[in-house]
Amino acid sequence: DSGVTQTPKHLITATGQRVTLRCSPRSGDLSVYWYQQSLDQGLQFLIQYYNGEERAKGNILERFSAQQFPDLHSELNLSSLELGDSALYFCASSGPLEGLANEQFFGPGTRLTVL
Amino acid sequence: DAKTTQPNSMESNEEEPVHLPCNHSTISGTDYIHWYRQLPSQGPEYVIHGLTSNVNNRMASLAIAEDRKSSTLILHRATLRDAAVYYCILSRFGMNRDDKIIFGKGTRLHILP
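So the protein lines, in turn, are chains A and B.
Sequential numbering from 1 applies to the first sequence in our numbering.
Sequential numbering from 1 applies to the second sequence in our numbering.
The shape of chain B in the complex, shown without the other chains:
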């Protein structure tokens, strides 16, 4: 079954770029890749998602490998407010109304001032 694998934790300096990796080697052709983050004492919030092409939005960029077996969330300039747990998630549309959402265990990102 599909799953995502992420490092347990990462550290980065403030104002530097951060690259958060996710491995999803068992991804299927129609699975979307999502990233959410959870700030302390809050519910998760959407960061970005994509299917095959790299994606950019105001929060981050998502780089998807050509074979789609891995992806990287890029925060271009980390701030202290970006300290959170980042989840890499796959969503799969089921033809028989049996959709699936597969969560990774998340990467806890520490930002050093």
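Only chain A is shown next, with the shape it has when bound in the complex:
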């Protein structure tokens, strides 16, 4: 158990819908990262927050957005869902130091299925 929690574990929804994935980092960690893992694209970095502020942006679509709240939990919002958004979404946390050299601890993931 990494100490990072993600909810829900599974999510099934329809095209065009909007969903929110939630992540709680390990106690004391200030950074939260979001990743997407699909069969054809592998593991892709989406976005990182440090202490509520966006720090790094990867291949995140405009239909996707994220935020980190004052209690440090984070939410990833996916809207206008398409079939191709079906994937495993991982959250990771690190910290408390700023910077990307820190070890990241990954949650168990949320499996999103878009029908």
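You may find that some hints are simply not true.
[Claimed, not checked] Distance ranges between label pairs, derived from CB positions:
1. A:N77 to B:N54: 37 to 47 Å
2. A:H73 to B:K3: 24 to 34 Å
3. A:I12 to B:Q42: 17 to 27 Å
4. A:G16 to B:P17: 50 to 60 Å
[To be verified] Covered stretches of chain B (in silico footprint by chain A; criterion: 3 or more residues with CB under 8 Å from a CB of chain A, positions within the stretch not fixed):
5. 44-57
6. 102-112
Quick caveat, the hints were computed from the structure, so don't treat them as lab data.
Note that beta-carbon positions come from the ideal geometry of N, C-alpha and C, so glycine has one too.
Since the structure of chain A is already known, use the hints to place chain B on it.
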């Protein structure tokens, strides 16, 4: 833009050393090199990271070329539990709060008993 290149798959015998290569010829001076692995049906887990010097920890060793354009993850004595996908990753600190994390496609390591 920076990227990492890894072989799609590798095979090794149990209890033998494994050398997993990664090419990152476009690496920048301040980019860190990380290795993570993903066991079946699990999230990725940290293995090791380094900047310029070779690094050792309880899991593995990281050998970084002098010009930093390539690195090798070394598992000293592979076990069946080391069968996983190994990712070579670059992380870049941005002066304008535009950090980057660059993932390779990963090497699937098969361990033969």
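### Task
Confirm or reject the claim that A:G16 and B:P17 have a C-beta distance inside 50 to 60 Å.
holds (51 Å)
### Within 8 Å of chain A's CB atoms, at least three CB atoms from the segment 102-112 of chain B: coverage verdict
Coverage by chain A holds here, the residue count being 4 at a Cβ distance below 8 Å.
### Annotated coverage of the segment 44-57 of chain B by chain A, confirmed only when three residues or more have a Cβ within 8 Å
holds (count 5)
### Query
Within 24 to 34 Å or not, the Cβ separation of A:H73 and B:K3?
holds (32 Å)
### Task
Could you say whether the range 37 to 47 Å given as a hint is met by the Cβ separation of A:N77 and B:N54?
Since the Cβ atoms of A:N77 and B:N54 sit about 42 Å apart, the hinted range of 37 to 47 Å holds.
### Message
Is 17 to 27 Å respected by the C-beta to C-beta distance linking A:I12 and B:Q42?
### Response
Hint holds: Cβ distance 22 Å, inside 17 to 27 Å.
Comparing the model with each numbered hint stated earlier shows that all of them hold.
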